[in-house]
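**Student:** Sequence:
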Amino acid sequence: MVEHRSHDPSCHTNAWHIEKNGVNPVPGEERRGSPRNVFWIWFAGNLNITLIVVGAVIFSFGLSFWQSLIPLVGLFSFVLVGHFGLPGMETGQPTMVLSAQSFGRVANKAPSLISWLNLVGWETVMLVIAVFASESTLALAFHMPFGTPSILISLGVVTIVAFTVAFLGHATIVVIQTLFSYLFGVMTIGVFILLLPHVHWAALMSAKDGSWLRGVIPATSIVIAASGLSWVNTASDYTRYLPSGTSHRKVVGATTWGAVIPGVFLMGLGVLLASSMPSLDSAANPVSIIDHVLPAWAAIPYLLVAIGGIITADILDVYSSGMSLLALGVKIPRSRTIFVDAVLSIGASLFILLRAQSFIGTFEAFLTLLAGVLAPWAAIFLWDSRKIVAQGNYRIPDVRLSALIAWLLGLCVSLATTSTEIFTGPLARGIFADSSLGFILGFAVTLAVYALFSAAPHLE
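Letter 281 of the sequence shown, counting from 1, is numbered 337 in my numbering, and no numbers are missing.
Among the hints, a few may not be true.
Claimed, not checked - Here are the in silico distance ranges between beta carbons for each label pair: (1) 212 to 264: 44 to 52 Å; (2) 385 to 261: 51 to 59 Å; (3) 235 to 420: 26 to 34 Å; (4) 354 to 396: 35 to 43 Å; (5) 486 to 262: 27 to 35 Å; (6) 479 to 403: 30 to 38 Å; (7) 486 to 421: 26 to 34 Å; (8) 262 to 403: 44 to 52 Å; (9) 332 to 301: 48 to 56 Å.
Note that these hints are calculated values from the structure, not bench results.
All values derive from a computational prediction rather than experimental measurement.
No residue lacks a Cβ here, since even glycine has one placed at the ideal position from N, Cα and C.
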């Protein structure tokens, strides 16, 4: 199907039409919407059942119940995502394209590639977990046994929904994420109420205070990495259709609260369930662990909540990975990027589901390393975001050495202090061994070095 650019701007910004804009600046006549749209995009994107695992991880640091609530402040790292959305609103371009104004047209291909690989990887993980939930639904509703047929049916259904919405584009995403926010938001509250009787309150409340240095701080870093820091490379993708005069404060607030509200709810539930479900903090398939404690009549509604929440996150992964692919310089229409993603993520999902389910832990470790490379990139984009907002699109060189050097130094620090299943940096000891503090340290080092370059332009 060939995409023809219509003279009717409504066809670019109305739901159920294929979005024709790629990484070009969105024209002023196509701008519409309000911060409320951004709120629902991020609200739905964080109705993700895997956040319950993050909550269980917090409690696994040996903290008391009250200490376990403190790391949830890390969810406010979405303030960073809110600020990263402002350049997109002013220029009409997605995040990884705007990144070229910091790195240069050629050098920007490196972080764009990392962003694309990271997003394709996480959309694959989300597909796998959604298939686990969908398989269980088929078994309960239609008595279909677990196996290849149920895997293929489940993968087909989940893929069609997520990829079709991403294929249609931004306007459809706004409608679907808003609808899913209401639908699955209410259902999630119902699941929360059903799970409360399974909380071991005595064990939870009797847990003694743990170490602040080796417990609270590392746990907070994990929340930061699993929430705001994991979405910074996508922020402007969802604000670039807003009118350029939209209140910056409202956009940042809508982004932050849209993510914080469901995040606190689900991570908090993970904290509550951690003492009664000891394996939850390391579960590759948290869906089945929680499913087993619910009454039979509630299993299907719960599984639908799990599937819906994962799909809403996957929609954002698929759409934004296409933006990163275009930022790499791939010359295809935006909608065609979805097919590239589909081939890769479906192929990888089938490999994991049919041949190597134990591989998912190794795969997630690889994606964690990629996130450690993106964290220093975020420091550079944060420093330049105010300039991009103020000046809009300006002349871009091929390479900006200051950004490239600061990024390389930061990612070296980040990886050196990061520990995963497949790689452990030489400095990943003590509080760095079981945390995401390496990402934050890499971010801080990059920000300091880049600020030095910016204060002394002759060093560039």
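**Student:** Please go over all the hints and tell whether each is borne out by the structure.
**Tutor:** Checked hints:
no. : hint                   : result
1   : 212 to 264: 44 to 52 Å : holds (49 Å)
2   : 385 to 261: 51 to 59 Å : holds (56 Å)
3   : 235 to 420: 26 to 34 Å : holds (29 Å)
4   : 354 to 396: 35 to 43 Å : holds (39 Å)
5   : 486 to 262: 27 to 35 Å : holds (28 Å)
6   : 479 to 403: 30 to 38 Å : violated (24 Å)
7   : 486 to 421: 26 to 34 Å : violated (20 Å)
8   : 262 to 403: 44 to 52 Å : holds (48 Å)
9   : 332 to 301: 48 to 56 Å : holds (51 Å)
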